[in-house]
Amino acid sequence: MIEIRHLHFSYGEREILRDINLEIEKGEVFGLLGPNGAGKSTLILHLNGILKPKKGEVLVDGLNPVRNPREVRRKVGIVFQDPNDQLFSPTVFEDVAFGPYNLGLRGKELEEKVYEVLKVVGMEGYADREIKHLSFGEKKRIAIATVLAMDPEILVFDEPFANLDFRGKEQVRGLIEQFRGEKTIILASHEAEYLTLCDRIALIDRGEIIKVGTPEEILGSVELLKAHNLEVPPLIELFLSLNLGVPKSLEDAKEKIANFLSLSTQKLKGRH
Amino acid sequence: MYLPFLLIYALAVVTRKSLSELTYFGVVLVGLIIFLRPKKSIFKHLGFLLGFEGLLFILALFNPGEPLVSTPIGAITKEGIYSFFLLLGRAFLSSSAVVVTSNSLGFSRLLAEMEELRFPRILILTLAFTYRYLDLFKDEALRMKRALDSRAFGIGKREYYQKLGALLSEIFVRAYLRNDKIYKAMLSRCFGEFPKFERHKSIMPLIFSVIALIGVLI
Chain A
401 MIEIRHLHFS YGEREILRDI NLEIEKGEVF GLLGPNGAGK STLILHLNGI
451 LKPKKGEVLV DGLNPVRNPR EVRRKVGIVF QDPNDQLFSP TVFEDVAFGP
501 YNLGLRGKEL EEKVYEVLKV VGMEGYADRE IKHLSFGEKK RIAIATVLAM
551 DPEILVFDEP FANLDFRGKE QVRGLIEQFR GEKTIILASH EAEYLTLCDR
601 IALIDRGEII KVGTPEEILG SVELLKAHNL EVPPLIELFL SLNLGVPKSL
651 EDAKEKIANF LSLSTQKLKG RH
Chain B
-11 MYLPFLLIYA LAVVTRKSLS ELTYFGVVLV GLIIFLRPKK SIFKHLGFLL
39 GFEGLLFILA LFNPGEPLVS TPIGAITKEG IYSFFLLLGR AFLSSSAVVV
89 TSNSLGFSRL LAEMEELRFP RILILTLAFT YRYLDLFKDE ALRMKRALDS
139 RAFGIGKREY YQKLGALLSE IFVRAYLRND KIYKAMLSRC FGEFPKFERH
189 KSIMPLIFSV IALIGVLI
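Chains A and B supply the protein sequences, listed in that same order.
Each residue of the first sequence is one higher than the one before, counting from 401 in this note's numbering.
Each residue of the second sequence is one higher than the one before, counting from -11 in this note's numbering.
In case anyone wonders, no lab produced these hints; they're calculated from the structure.
Just so you know, not all the hints are guaranteed correct.
[Stated by the list, open to error] DEER-style ranges, computed between Cβ atoms: (1) B:L194 / A:R567: 45 to 53 Å; (2) B:G19 / A:A527: 25 to 33 Å; (3) B:E104 / A:V466: 55 to 63 Å; (4) A:E413 / B:A154: 21 to 29 Å; (5) B:N167 / A:S662: 53 to 61 Å; (6) A:A527 / B:R106: 20 to 28 Å.
Predicted, not measured: the structure shown is a model, and the values here were computed from it.
Backbone N, C-alpha and C fix where the C-beta goes; we use that ideal spot for every residue, glycine too.
With these hints in hand, go ahead and build the complete structure from the sequences.
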């Protein structure tokens, strides 16, 4: 469980986070929705003690990341927005091995771990490839593998869908779905449509939590999203105008449309 | 290990005094190419290397000696041609061996060998980071230059080069900013120590080293 209490953070005079209070349950898929510069990435960096709060505190399973960085970093794996920041070794193998090596894994055990996580992200056979020769989507998946290699209980994705093509987005989405229920997942994004898979969403803007609620409550408030400079996906707007609620996935959307059509047909038949 | 072989080979090649001696080392290089089977694109690189080094030593053609062809800038001499090919041979063979080896084995393998030879760790890591990020910064510089070119119409050359200079300094700023992000990413993966680069064991480099040493002795 993650508890954030009265968290304040500033760079010099510039206040980035103001009195953030959040509780994220174990196994939850939690979304952080906010426009660019809202403070999402800064908040994320507090979860494993990379940044230290100016006021307030963060607790991960009761541990303070500032006082117990090693234990917390083992629990919280962050996938950064730009995989080029995350992948700093010459080859895929070396980069994926970096985290588990620092956790004490060596030799065959380390090798097995690397190949295992590469398989999970569908990148088996890439171990000896040089990172600079990979596409952006491939780098993103390797970046996820580098974090998975440390077996974190909490997976944090900073803008996981940014700069990815449709296929890349679907692959990352599939990976996130794969870990649902198994790990606590935090998704930070400015794209509302990708947060429909969350159990709860926190809307953050100018360093403040505006509202926390279910995807229906947050994404269903079109005025709220527009007021905070967030794009309302046309599909969600259409569903809301038809009083169908926010679809969680494509399957859910299909089901909602099918129900709507059958109800409409029955109504029309009743009239005639 | 290929690094000691490269060292022996380069030292042997640059100290040769005749073309016939260099031919021996040319054969060793061909053997190395056949054994390592580098990608075909390597030959393009080698061709470029040959042309570049040829240009570097072109003035050697005009060394004093028996004139063969006269040109507006002086006479090309027999001795000049000989020393041109000798210099070119030395430079080309030694640099080609490095290019072929690093391209075929991968940079990571050479770093592992440096580690095994107990080169300072800081040097190895600096090389590893440079290798990883050099292309990225090159791409970034190219993108910025394209952006500059697309808007730099109607300005003089002097002003253009001033802007280009500012652009290059911006690259350093961006490198610094990226450095901070990379460090954060490393910390979030419990950074304490860098993994040792994977070691490979092969007898072939030893065989090539012995062949190169035989060449020196002969």
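Structure-based check of each hint:
no., hint, verdict
1, B:L194 / A:R567: 45 to 53 Å, "47 Å, holds"
2, B:G19 / A:A527: 25 to 33 Å, "29 Å, holds"
3, B:E104 / A:V466: 55 to 63 Å, "39 Å, violated"
4, A:E413 / B:A154: 21 to 29 Å, "28 Å, holds"
5, B:N167 / A:S662: 53 to 61 Å, "59 Å, holds"
6, A:A527 / B:R106: 20 to 28 Å, "27 Å, holds"
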